[in-house]
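Visitor: Here are the chains, one letter per residue:
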Amino acid sequence: MGKKSVDALFDALYALTDLRVIFRKTAPKHELSAGQKKEAKESLDTAKKAIDTIEKELKL
Amino acid sequence: METRSREELYINVQPIQAAGRLTADAMKAMISYGDGYSVCDFCLKPFRLDKIKKPAIEEFHFELAKFVGMDEARTVPGARRGFQAVVSSLVNKGDSVVLQAVGHYTEFLAIEQAGGIAHEVPINTSGITTGDAVAQTIEKARKKDGKLPKLVIFDHFDYTNANEHDIKGAVKAAKEFGIPVLYNGAYTVGIKPVDGKALGVDFVVGSGHKSMASPAPSGVLATTKEGAKKVFRTTKIEGDVSGRKFGIKEVEMLGCTLMGANIVAMMASLPTLRERVKHWDAEVKNSNYFVNEFLRVDGNKVVSECPRKHCLTKVDCTESFDKIAQKHKDHGYFFTHELDSRGITGIFPGATRSFKMSTYGLTESQVKYLAEAFVEIARKHSLEVH
Numbered sequence: 001m002g003k004k005s006v007d008a009l010f011d012a013l014y015a016l017t018d019l020r021v022i023f024r025k026t027a028p029k030h031e032l033s034a035g036q037k038k039e040a041k042e043s044l045d046t047a048k049k050a051i052d053t054i055e056k057e058l059k060l
Numbered sequence: 001m002e003t004r005s006r007e008e009l010y011i012n013v014q015p016i017q018a019a020g021r022l023t024a025d026a027m028k029a030m031i032s033y034g035d036g037y038s039v040c041d042f043c044l045k046p047f048r049l050d051k052i053k054k055p056a057i058e059e060f061h062f063e064l065a066k067f068v069g070m071d072e073a074r075t076v077p078g079a080r081r082g083f084q085a086v087v088s089s090l091v092n093k094g095d096s097v098v099l100q101a102v103g104h105y106t107e108f109l110a111i112e113q114a115g116g117i118a119h120e121v122p123i124n125t126s127g128i129t130t131g132d133a134v135a136q137t138i139e140k141a142r143k144k145d146g147k148l149p150k151l152v153i154f155d156h157f158d159y160t161n162a163n164e165h166d167i168k169g170a171v172k173a174a175k176e177f178g179i180p181v182l183y184n185g186a187y188t189v190g191i192k193p194v195d196g197k198a199l200g201v202d203f204v205v206g207s208g209h210k211s212m213a214s215p216a217p218s219g220v221l222a223t224t225k226e227g228a229k230k231v232f233r234t235t236k237i238e239g240d241v242s243g244r245k246f247g248i249k250e251v252e253m254l255g256c257t258l259m260g261a262n263i264v265a266m267m268a269s270l271p272t273l274r275e276r277v278k279h280w281d282a283e284v285k286n287s288n289y290f291v292n293e294f295l296r297v298d299g300n301k302v303v304s305e306c307p308r309k310h311c312l313t314k315v316d317c318t319e320s321f322d323k324i325a326q327k328h329k330d331h332g333y334f335f336t337h338e339l340d341s342r343g344i345t346g347i348f349p350g351a352t353r354s355f356k357m358s359t360y361g362l363t364e365s366q367v368k369y370l371a372e373a374f375v376e377i378a379r380k381h382s383l384e385v386h
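Which chain is which? The protein sequence lines are A and B, in order. Using the working numbering, the first residue of the first sequence is number 1, and each one after it goes up by one. Using the working numbering, the first residue of the second sequence is number 1, and each one after it goes up by one.
Keep in mind that the hints were calculated from the coordinates and are not lab data. Be aware that one or more of the hints could be misleading.
With a cut-off of at most 20 Å between alpha-carbon atoms, the simulated SDA-like pairs for lysine to any residue come out as follows [said to hold, decoys possible]:
no.: 1; chain 1: A; residue 1: Lys29; chain 2: B; residue 2: His279
no.: 2; chain 1: B; residue 1: Lys380; chain 2: B; residue 2: Gly361
no.: 3; chain 1: B; residue 1: Lys314; chain 2: B; residue 2: Glu372
no.: 4; chain 1: A; residue 1: Lys25; chain 2: B; residue 2: Lys380
no.: 5; chain 1: A; residue 1: Lys4; chain 2: B; residue 2: Val284
no.: 6; chain 1: A; residue 1: Lys29; chain 2: B; residue 2: Asn288
no.: 7; chain 1: B; residue 1: Lys368; chain 2: A; residue 2: Glu55
no.: 8; chain 1: A; residue 1: Lys3; chain 2: B; residue 2: Gln326
no.: 9; chain 1: B; residue 1: Lys301; chain 2: A; residue 2: Lys3
no.: 10; chain 1: B; residue 1: Lys175; chain 2: B; residue 2: Cys256
no.: 11; chain 1: B; residue 1: Lys93; chain 2: B; residue 2: Lys53
no.: 12; chain 1: A; residue 1: Lys37; chain 2: B; residue 2: Thr363
no.: 13; chain 1: B; residue 1: Lys66; chain 2: B; residue 2: Gly169
no.: 14; chain 1: A; residue 1: Lys25; chain 2: B; residue 2: Ala351
no.: 15; chain 1: A; residue 1: Lys25; chain 2: B; residue 2: Val284
no.: 16; chain 1: B; residue 1: Lys28; chain 2: A; residue 2: Lys29
no.: 17; chain 1: B; residue 1: Lys45; chain 2: B; residue 2: Asp281
no.: 18; chain 1: A; residue 1: Lys25; chain 2: B; residue 2: Gly131
no.: 19; chain 1: B; residue 1: Lys368; chain 2: A; residue 2: Leu32
no.: 20; chain 1: A; residue 1: Lys29; chain 2: B; residue 2: Ser341
no.: 21; chain 1: A; residue 1: Lys25; chain 2: B; residue 2: His279
no.: 22; chain 1: A; residue 1: Lys37; chain 2: B; residue 2: Glu364
no.: 23; chain 1: B; residue 1: Lys301; chain 2: B; residue 2: Asn288
no.: 24; chain 1: A; residue 1: Lys4; chain 2: A; residue 2: Lys37
no.: 25; chain 1: A; residue 1: Lys25; chain 2: B; residue 2: Ser32
no.: 26; chain 1: B; residue 1: Lys53; chain 2: B; residue 2: Cys256
no.: 27; chain 1: B; residue 1: Lys314; chain 2: B; residue 2: Glu250
no.: 28; chain 1: A; residue 1: Lys25; chain 2: B; residue 2: Lys314
Beta-carbon label-pair distances, calculated as ranges [as the list claims (entries may be wrong)]:
no.: 29; chain 1: A; residue 1: Gly35; chain 2: B; residue 2: His279; range: 12 to 22 Å
no.: 30; chain 1: B; residue 1: Lys45; chain 2: A; residue 2: Leu44; range: 14 to 24 Å
no.: 31; chain 1: B; residue 1: Ser38; chain 2: A; residue 2: Glu39; range: 45 to 55 Å
no.: 32; chain 1: A; residue 1: Lys4; chain 2: B; residue 2: Gly247; range: 14 to 24 Å
no.: 33; chain 1: A; residue 1: Phe10; chain 2: B; residue 2: Cys306; range: 44 to 54 Å
no.: 34; chain 1: A; residue 1: Ser5; chain 2: B; residue 2: Cys306; range: 54 to 64 Å
no.: 35; chain 1: B; residue 1: Pro271; chain 2: A; residue 2: Lys4; range: 36 to 46 Å
no.: 36; chain 1: A; residue 1: Glu39; chain 2: B; residue 2: Thr3; range: 17 to 27 Å
no.: 37; chain 1: B; residue 1: Asn92; chain 2: A; residue 2: Gly35; range: 50 to 60 Å
no.: 38; chain 1: B; residue 1: Arg296; chain 2: A; residue 2: Lys3; range: 33 to 43 Å
no.: 39; chain 1: A; residue 1: Gly35; chain 2: B; residue 2: Asp35; range: 32 to 42 Å
no.: 40; chain 1: B; residue 1: Val303; chain 2: A; residue 2: Gln36; range: 31 to 41 Å
All values derive from a computational prediction rather than experimental measurement. Glycine included, each C-beta is placed from N, C-alpha and C at the ideal position.
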């Protein structure tokens, strides 16, 4: 475990922050446009990938 | 810890929260720089926070000055600390300051702290402070005190009704008497273009947490080269036992300016601010759209000037929603519950007479939804909708 895991941790947090902003822009109904759905998916994919990296690095 | 999620779950029209909502980059900065002295990893000579190059705080201060059309800027913990620094530098005990009767209360406190005298400029029948009224107040102050005021503090938009006041007229009046002007841009800097030099003012103060998508407390104090010599003067004091001196620390800033996550979040939001001020007209259009829909409800009134020139608006529902509240078992809270059930928050709980709200930063569809909600609630409670 080292820099790679720490970088991945921030990548995940930042990606989820981007998703948070989408929640804000679409409140209260959260009916996402096609573009917003794409952005949300990208954010989640980035977060998942980062979490995978951390799991591998920590040998969990 | 209780999570605050009202921005994610609701349309929040709370009047002073709207333009302080963080950008994504500011949120990320908060995550990364939350530790106390996080920006001080590379605090090298001359050991002053606004001179730090990594992260690029020094560069940010240049950019911030440019953003408000001034020569020099410092970050401060809120606009009020900007007023305090200027008043403390220019006003001695017994000196007077001219400010609006609708000026922010912290301006009065800054004057009080310096031992100064406040001379208020009254508003006219339309709720506006005119340049002529500023000139008359200066004359009155001169006669009363036997000397000219040391400063004019002028709120471009006031905090009660967010009416636009005659800043150009005020500057013209002050300059005729040779009095410096502090522009209070707590409700402008960060949401609409502000060019201090073009306005002819000596000091520009803005609020980070109110209008610059930044965390509290944060703000900016910017000035001209001349103003900087007074307000950003460096320390001269020397310890009489130790002989200690304190380098280039600035007296009014008490050494170092805004620290940690707050300064980095301000830095992170600046590119967005530069872009969003270009779209101020669209924000005002949204504000007027809402107001026009709101006025379709019989009895609804707008206290602020109309058409709106700002997104913050004071409204009066004494003859509409408050009449329902008088007979409703939940009193004024019926309105809060109706809004809450539609995912709208930010109006003072239980208020049905007079309250402030802001549409700033809402998308067009959110503004439409908000307006429809007011009309829908009115219809549900048998108020006439025109």
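Visitor: Give a verdict on every hint.
Guide: Evaluated hints:
1. A/Lys29 - B/His279: Cα-Cα ~25 Å, so violated.
2. B/Lys380 - B/Gly361: Distance ~28 Å between lysine 380 of chain B and glycine 361 of chain B Cα, so the pair is violated.
3. B/Lys314 - B/Glu372: holds (18 Å)
4. A/Lys25 - B/Lys380: violated (27 Å)
5. A/Lys4 - B/Val284: Violated, because 46 Å separates the two Cα atoms, which is more than 20 Å.
6. A/Lys29 - B/Asn288: Judged against 20 Å, a Cα distance of about 23 Å means the pair is violated.
7. B/Lys368 - A/Glu55: Judged against 20 Å, a Cα distance of about 45 Å means the pair is violated.
8. A/Lys3 - B/Gln326: violated (63 Å)
9. B/Lys301 - A/Lys3: violated (59 Å)
10. B/Lys175 - B/Cys256: violated (32 Å)
11. B/Lys93 - B/Lys53: Violated, because 39 Å separates the two Cα atoms, which is more than 20 Å.
12. A/Lys37 - B/Thr363: Roughly 17 Å between the alpha carbons, so the hint for lysine 37 of chain A and threonine 363 of chain B holds.
13. B/Lys66 - B/Gly169: violated (24 Å)
14. A/Lys25 - B/Ala351: Violated: lysine 25 of chain A and alanine 351 of chain B sit about 26 Å apart, past 20 Å.
15. A/Lys25 - B/Val284: Roughly 18 Å between the alpha carbons, so the hint for lysine 25 of chain A and valine 284 of chain B holds.
16. B/Lys28 - A/Lys29: violated (25 Å)
17. B/Lys45 - B/Asp281: Since the Cα atoms of lysine 45 of chain B and aspartate 281 of chain B sit roughly 44 Å apart, the hinted pair is violated (cutoff 20 Å).
18. A/Lys25 - B/Gly131: With a Cα-Cα distance of about 40 Å, the restraint between lysine 25 of chain A and glycine 131 of chain B is violated, given a limit of 20 Å.
19. B/Lys368 - A/Leu32: holds (16 Å)
20. A/Lys29 - B/Ser341: holds (12 Å)
21. A/Lys25 - B/His279: holds (17 Å)
22. A/Lys37 - B/Glu364: Between lysine 37 of chain A and glutamate 364 of chain B the Cα gap is close to 19 Å, so the pair holds against 20 Å.
23. B/Lys301 - B/Asn288: holds (13 Å)
24. A/Lys4 - A/Lys37: violated (29 Å)
25. A/Lys25 - B/Ser32: Cα-Cα ~23 Å, so violated.
26. B/Lys53 - B/Cys256: holds (14 Å)
27. B/Lys314 - B/Glu250: Violated, at about 40 Å.
28. A/Lys25 - B/Lys314: violated (24 Å)
29. A/Gly35 - B/His279: 12 to 22 Å: holds (19 Å)
30. B/Lys45 - A/Leu44: 14 to 24 Å: violated (46 Å)
31. B/Ser38 - A/Glu39: 45 to 55 Å: About 29 Å separates the Cβ atoms of serine 38 of chain B and glutamate 39 of chain A, which means 45 to 55 Å is violated.
32. A/Lys4 - B/Gly247: 14 to 24 Å: violated (41 Å)
33. A/Phe10 - B/Cys306: 44 to 54 Å: holds (47 Å)
34. A/Ser5 - B/Cys306: 54 to 64 Å: Roughly 57 Å apart at Cβ, these two residues keep to the hinted range, so it holds.
35. B/Pro271 - A/Lys4: 36 to 46 Å: Between proline 271 of chain B and lysine 4 of chain A, where Cβ atoms are some 29 Å apart, the hint is violated.
36. A/Glu39 - B/Thr3: 17 to 27 Å: holds (23 Å)
37. B/Asn92 - A/Gly35: 50 to 60 Å: holds (58 Å)
38. B/Arg296 - A/Lys3: 33 to 43 Å: For arginine 296 of chain B and lysine 3 of chain A the Cβ distance comes to about 59 Å; the hint is violated.
39. A/Gly35 - B/Asp35: 32 to 42 Å: For aspartate 35 of chain B against glycine 35 of chain A, whose Cβ atoms are near 36 Å apart, the range 32 to 42 Å holds.
40. B/Val303 - A/Gln36: 31 to 41 Å: holds (36 Å)
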